[in-house]
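Since the structure of chain A is provided, determine the placement of chains B and C on it from the hints.
Residue numbers (this note's numbering), protein chains in the order written: chain A, 1 to 345; chain B, 1 to 345; chain C, 1 to 345.
Calculated from the structure, these hints are not laboratory results. Ideal placement from N, C-alpha and C gives every residue a C-beta, glycine not left out. Warning: the hint list may mix true and false statements.
Stated by the list, open to error - Residues on chain B that point at chain C, a partial pick, calculated with CB under 8 Å:
id, residue
1, F183
2, I196
3, M288
To be verified - In silico SDA-like pairs for lysine to any residue, Cα to Cα no more than 20 Å straight-line:
id, chain 1, residue 1, chain 2, residue 2
4, B, K44, A, K261
5, B, K261, C, P307
6, C, K261, C, P307
7, A, K261, C, E220
8, C, K261, B, K44
9, C, K44, B, S4
10, B, K44, A, R291
11, A, K261, C, P307
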Amino acid sequence: MLVSELATRIGAELLTQGADIEINQGCALSDADASGISFVSSRKYLPALRATHAGAVILTSELAADAPCACLVVDNPTLAFARALELLHPRAPAPAGWHQSAVVAASAQIHPTASIGALCVIEAGVVIEAGAEIGPHCVIQRDSQIGADTRLVANVTICARSIIGKRVLLHPGAVIGREGFGFARDGERWVRVPQIGRVRLGDDVEVGSNSAVDRGAIGETVIGNGVKIDNLIQIGHNVEVGENTAMAACSGISGSTRIGKNCTIAGAVGMAGHLSIADDVHFTGMAMVTRSFERTGVYSSGIPAMPSADWRRNVARFRHLDEMARRLRRLEEQVAELQQAQPRS
Amino acid sequence: MLVSELATRIGAELLTQGADIEINQGCALSDADASGISFVSSRKYLPALRATHAGAVILTSELAADAPCACLVVDNPTLAFARALELLHPRAPAPAGWHQSAVVAASAQIHPTASIGALCVIEAGVVIEAGAEIGPHCVIQRDSQIGADTRLVANVTICARSIIGKRVLLHPGAVIGREGFGFARDGERWVRVPQIGRVRLGDDVEVGSNSAVDRGAIGETVIGNGVKIDNLIQIGHNVEVGENTAMAACSGISGSTRIGKNCTIAGAVGMAGHLSIADDVHFTGMAMVTRSFERTGVYSSGIPAMPSADWRRNVARFRHLDEMARRLRRLEEQVAELQQAQPRS
Amino acid sequence: MLVSELATRIGAELLTQGADIEINQGCALSDADASGISFVSSRKYLPALRATHAGAVILTSELAADAPCACLVVDNPTLAFARALELLHPRAPAPAGWHQSAVVAASAQIHPTASIGALCVIEAGVVIEAGAEIGPHCVIQRDSQIGADTRLVANVTICARSIIGKRVLLHPGAVIGREGFGFARDGERWVRVPQIGRVRLGDDVEVGSNSAVDRGAIGETVIGNGVKIDNLIQIGHNVEVGENTAMAACSGISGSTRIGKNCTIAGAVGMAGHLSIADDVHFTGMAMVTRSFERTGVYSSGIPAMPSADWRRNVARFRHLDEMARRLRRLEEQVAELQQAQPRS
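So here's chain A without its partners, still in its complex pose (with noise of 0.2 Å):
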């Protein structure tokens, strides 16, 4: 593709040098060649920037003069790039119809434009939109809906009645509306509490690979348009995700705990049931929510990693903080004495 015409498809405004070159590829800034296009999205990328041997770079106004090749400059590099990509490197949509060998209810509704591929299972009521592509080996429970450009990449595993939203991304080894961790006590034993509920997930909705996302015990799971939900995490019976929020993988979120719009949750997060957190959280990696937050913020805890003799020390001195603090407070007061008790000078 001429870089021209590239530009003119991601909205970018072209300040070449020479002449009108051909761009094949996405490319990182210190991998590239001649075909490649890349972006900086930030000035500490300049050195980068300055080296680099790809044909063309997006990036905004104020960087271009830097740059020692045609630029495309936007508002949002990550954002064009991205369209770039899209452009460079098209999916090749699966085939419509079904793989022969395919298990298919005669009750599910499957729109003639939709590819279910090879070793599928789609139980009876099963409804599935167009335009849907459902990969390899995946399993569609009995009367799940599946909307219209949804995509089951592989082996993924949608239980019964769960609901799933348009242009939806799953991912290799998600788990969608399994029965959830409800329990009654009968004396020593657990007696299940069956899970009558399901998950609705919005559109533009992705969860990733080996992530779970449990049925609502009674009511629904209900997961916002657009939420990104990244692999191996764990999101309980009915809680809740506002539009928009994002969480990054290995964290956990326990049941009926109801997230805002627009927070981003990092890496191995673990929050308590049956919190509530306002639109515009952000936690950072690994901190523990065991209360509600209402205000938007950034929060954090957690320990960062120290050489293990320190580690070793420092938490044996923890064990007895509150004892320390009690010292604290008594110093203070024998001191306040002291100075009182003083000849004044």
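Showing chains B and C alone in chain A's frame:
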């Protein structure tokens, strides 16, 4: 179902107001109509109870006066509600026999009342007992045994020689009996130690989605009767978990650790290997368990989230906590000297 | 197998007592009979060694005097035991060729000695080398390469364009080459940045159950030769892991972090993105890695579990640790003043 019949079948005393109404579903207190039954497990739900539109509610006798509807009085409302849900929302059993797409070894012994779902793989020497339901896309590797009335929901992998008890419930993505993480060093290289043991799951065990229970290196990994394991949990080789212990999502138990009976392990708890945990030990969420706990009790660790600016300042101090403790000790000595030197009044 | 033959084949010196006994299985010291062989890796197992009923034991020369049975003396007992287990418990290789139920693209190139299990899906352009074993229910997406003698146990998903080395072992539920978690903001919405890179696993790599290794955003995610990855681990896009590094279960490595060679990363460690970790760095369990570590060493973090009442008090103080440090500093100043003001004796 008439509320009078439901009361009889779950062993509740019916305190009804008006006619013998018909109930056809379980529901939440706050989202119910006259055909629904709900429950109250604690006084904190009294406002929701008073405002409910449910047709009937399961509760203890002291709360009955506050209910605006038919009351089903029991000692353990959560347990009674679980039983009511089973009656009102019975699960349709899978049909006995094999789906024609399943790949079943000739030497597998499958009880005629068992159900083998679409696209399952049942390898040589496998034994599946009466009433077991093997959902679609499960793999049961050679010489494994599946007890009566056990259910594999879908996409469960049972590795070779695993022994699964009766009435076990395994959720999509669970992997039972993987060859565990055992290596010998050979200079800088790691050489796998063959894992010749197996996994034994007791009766009434549950393992959640994308959880893994590794086989014994030698001997067995043993999950006791009634143990409940949530999603995304790792159980290392040769771990033993006592009866009726429950583990919430995202926890990991390292190899050869023994956990007692009736323990509760909240979410994202990590346990080192070769530990011994007594019966009735309870760990709160994200606890870091680095030593054995031989006494019944509740144990915790971790730093709860706080505003990031506060957290950064406190963490910076934590790095010097041992030094702070030494300075505190020196101050105490100095103050004691000052007190001694002080002229008596 | 005669113990004398076993000793020869594992390169051990046989110090036997009595006849040349027959050994037919590996076993634990404490649970052995005369046909079993065990091993001792440390003096702490001396009591178990003295009490064992094993027919033979592998150990170092200085422990031989304590063994009540035939001794196979070596320098590295764990390694020698691994080799003995391979001889005594050989794994039956899967038959070469394709199971008739597998769905194999016409353009896939599969070596005739490779084995393709039941219900596998092998997409277009895939290359599978000699001796590879693809267990049941695996999906290998287009243009991926599987090296010689690599084994996918069952239910493994290899996403498009992944490159898997020789003698690699992938456990059930592993997902290699997922499109990683990369987004650009478009106002409040997240727009996926196409992930055009791939994953490269070196030779002798192992990836555990339900672990995920994401493909590079651009370029590669690289797992070096001999790296061992346990269950439920997340490896983000463009991570690089050096040779022979081992990672225990439940850890997560954020995107673009580079880890050196011969590191050990214990369970549930979390690493932020874009970090650089030197060779021979060791993190203990649940460590929170928020900065680069450029020096060899052992690093730790986290608060070990303690009784919950103590923990609550200490955590309450931690929230004010910075304030405590300031009060300590003020007290030191006040005491210094008092000392100066003190009349000299």
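Here is what the structure says about each hint:
no.: 1; hint: F183; result: 6 Å, holds
no.: 2; hint: I196; result: 5 Å, holds
no.: 3; hint: M288; result: 5 Å, holds
no.: 4; hint: K44(B) - K261(A); result: 28 Å, violated
no.: 5; hint: K261(B) - P307(C); result: 19 Å, holds
no.: 6; hint: K261(C) - P307(C); result: 38 Å, violated
no.: 7; hint: K261(A) - E220(C); result: 33 Å, violated
no.: 8; hint: K261(C) - K44(B); result: 55 Å, violated
no.: 9; hint: K44(C) - S4(B); result: 66 Å, violated
no.: 10; hint: K44(B) - R291(A); result: 18 Å, holds
no.: 11; hint: K261(A) - P307(C); result: 36 Å, violated
Violated hints, listed in ascending order, are 4, 6, 7, 8, 9, 11; each of the other numbered hints is respected by the structure.
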